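S.K.: Which chain is which? The protein sequence lines are R and D, in order.
Residue 132 in our numbering sits at position 132 of the first sequence; the count goes up by one each step and never skips.
Heads up, our numbering is the position in the second sequence plus 1000, with the first residue counted as 1.
One thing to keep in mind: the hints can contain errors.
[To be verified] Partial selection, computed: residues in chain D whose CB lies under 10 Å from chain R: (1) Gly1031; (2) Leu1110; (3) Glu1125; (4) Ile1129; (5) Tyr1154; (6) Ala1171; (7) Ile1254.
[Said to hold, decoys possible] Ranges between beta-carbon positions, derived for each pair: (8) R:Phe11 <-> D:Gly1128: 46 to 56 Å; (9) R:Val233 <-> D:Glu1097: 25 to 35 Å; (10) R:Leu90 <-> D:Glu1097: 21 to 31 Å; (11) D:Glu1097 <-> R:Ala149: 46 to 56 Å; (12) R:Leu90 <-> D:Glu1253: 19 to 29 Å; (13) R:Arg248 <-> D:Gly1177: 34 to 44 Å; (14) R:Arg153 <-> D:Leu1043: 44 to 54 Å; (15) D:Gly1128 <-> R:Phe240: 46 to 56 Å.
No lab work stands behind these hints: they were computed from the structure.
Only a predicted model underlies this, so the values are computations on that prediction, with no experimental measurement involved.
Ideal Cβ placement from N, Cα and C applies to all residues, glycine included.
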Amino acid sequence: MSLRPTLNQWFRFAWPPFVAVLFFLTAWEAAVRFFGVEAWILPSPSVIAGEASKSAESLWMHTLSTLQLTLIGFAIGSSVGLLVACVLHLVPLLKSALYPLLILSQNVPTIALAPLLMIWFGFGLLPKIIVITLVCFFPVAVSAMDGFAQTDRTMLNYMRMIGANRVQIFRKLEFPHALPSLFSGLRIAATYSVMGAVIAEWIGAQKGIGYYMILQKSAFRTDRIFAAIVIIVVLSLLLFLLVTLVERLVIRGGRRSGNTEGGELR
Amino acid sequence: MSKSEKENRRIGRGAEAGSESDAPIKLELSGLHKSFGSKRKPLPVIGGVSLQVHEGEFVSLIGPSGSGKSTLFHLIGGLLQPEQGEIRLDGRVINGERGHIGYMPQQPALFPWRTIEDNVVLDHEVNGIPRRETLDEARRWMERAGLAGFEQAYPHMLSGGMQQRAAFVRALLSPHGLMCLDEPFSALDAFTRSEMQTWLLDIWEETRRSVLFVTHHIEEALLLSDTIYVLSGRPSAVLRRIEVPFPRPRREEIAESPEFLALRRELTGLMKEEQRKTRSSDISGIL
């Protein structure tokens, strides 16, 4: 049960999707060449790669800007989500009052709110952070609250019987018990936050991958848009992996998803 | 309640059976009543239970299923308030007060993210005793419980019996004088269970803590206890109090003595009758 899978294991897991992607790219390349599709409609992978390496410097600058925005937004959004979950869990009346509203709020599309936020808060960092926070906060809050609510009854009973107070029960039992659930929320929020950052940049920014996409769209540079999409995918993936890595460091005692429970030893 | 007290019988008390009755009373329940359900239609669960646990005495509670044994523990633990009656610990009324007992639940309820060592000292932690003051004692008892070498292991790496032993050590290390054990072996297989009983017998005779032990296993109660209280079905009251005459230290072999068999037969008969009564009253309740 080592934390790191061996190279051999990794290879066994990695090669099927790797081959699938390779196959897909080859088919794409062949189709574009065979049918003679115009580059402004659908550029071939090789053209996209060539363009990406040519404008690598500018792409890197925009990527860094988006990454920075994403990380700040993700940190703030997740913290707010976790804080809301804790408060609502500890004050049941507040939870019954606000939980339905919380669910309802998710029916408001963020992209519709973004222009409003620009009007209210200008074109600085603040409205963009708010967009990402809105996107991140929900999965974190809901998964944390679910985790708190699903605390093991026998453990809860034990803590009460030995006279633990509300704060002790929360700190020593409910919070650590909710960590796996919280992390699955964080994983979702991590990928959402990249999307949130790009949307925020579409609406109003002077740099960033979202801004770059808008710029290239008006120039019909489909190849560059594709390069931007690839970068967005890679960013999402990296953030997802980062959260998974932190989860592995934080969660102890064979509770990670995928670990079978109760490996017996006599 | 006085009726059931009058019915109490003393069965052939052995000279070595200990002088529990001379020891001060650790826990005393007098005339406890508790019902659930609405005010208009209350469902009485505990109907006047009175019992005593002396200092250093091992007391078992047995009764038919659904006789409110867990409710009784929740009353003692302060999770519930009795409608009537008193719970006294060391002479002080503790109705509805929490944090006065050590507790071992049916399931081990070890926290999966804590090592065995950290689990075992949890009760101390909750009671605000610094870890370094307890770790030595904890390690000693873990070794005694056959958990040496597993201090840093996580609960899922241990067998069911080992987990229960860890849960027992956790309750044993509790800074409170009274240990409440709630059917601690009911989830174990028969072989592990009998192994655990012998182990518990050994370790208890060494420590002589005051224990209140809930079980529905008659032989287990006879093997381990100084005193057995038989509870009736709902609403439960003490049906009979039996002092177990076998001398200590006890051996498993007493289970083959004629005296043991006679007591077992008597208790089995009592329980069967209660179970039948409970069932027929449940049926008439439905009709």
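S.K.: With reference to the structure, classify each hint as holding or not holding.
M.R.: Going down the list of hints, with the structure as the test:
no. : hint                               : in the structure
1   : Gly1031                            : violated, 23 Å
2   : Leu1110                            : holds, 8 Å
3   : Glu1125                            : holds, 7 Å
4   : Ile1129                            : violated, 12 Å
5   : Tyr1154                            : holds, 4 Å
6   : Ala1171                            : holds, 9 Å
7   : Ile1254                            : violated, 29 Å
8   : R:Phe11 <-> D:Gly1128: 46 to 56 Å  : holds, 52 Å
9   : R:Val233 <-> D:Glu1097: 25 to 35 Å : violated, 59 Å
10  : R:Leu90 <-> D:Glu1097: 21 to 31 Å  : holds, 23 Å
11  : D:Glu1097 <-> R:Ala149: 46 to 56 Å : violated, 27 Å
12  : R:Leu90 <-> D:Glu1253: 19 to 29 Å  : violated, 55 Å
13  : R:Arg248 <-> D:Gly1177: 34 to 44 Å : holds, 43 Å
14  : R:Arg153 <-> D:Leu1043: 44 to 54 Å : violated, 21 Å
15  : D:Gly1128 <-> R:Phe240: 46 to 56 Å : violated, 41 Å
Hints 1, 4, 7, 9, 11, 12, 14 and 15 from the list above are not met by this structure, while the remaining hints are.
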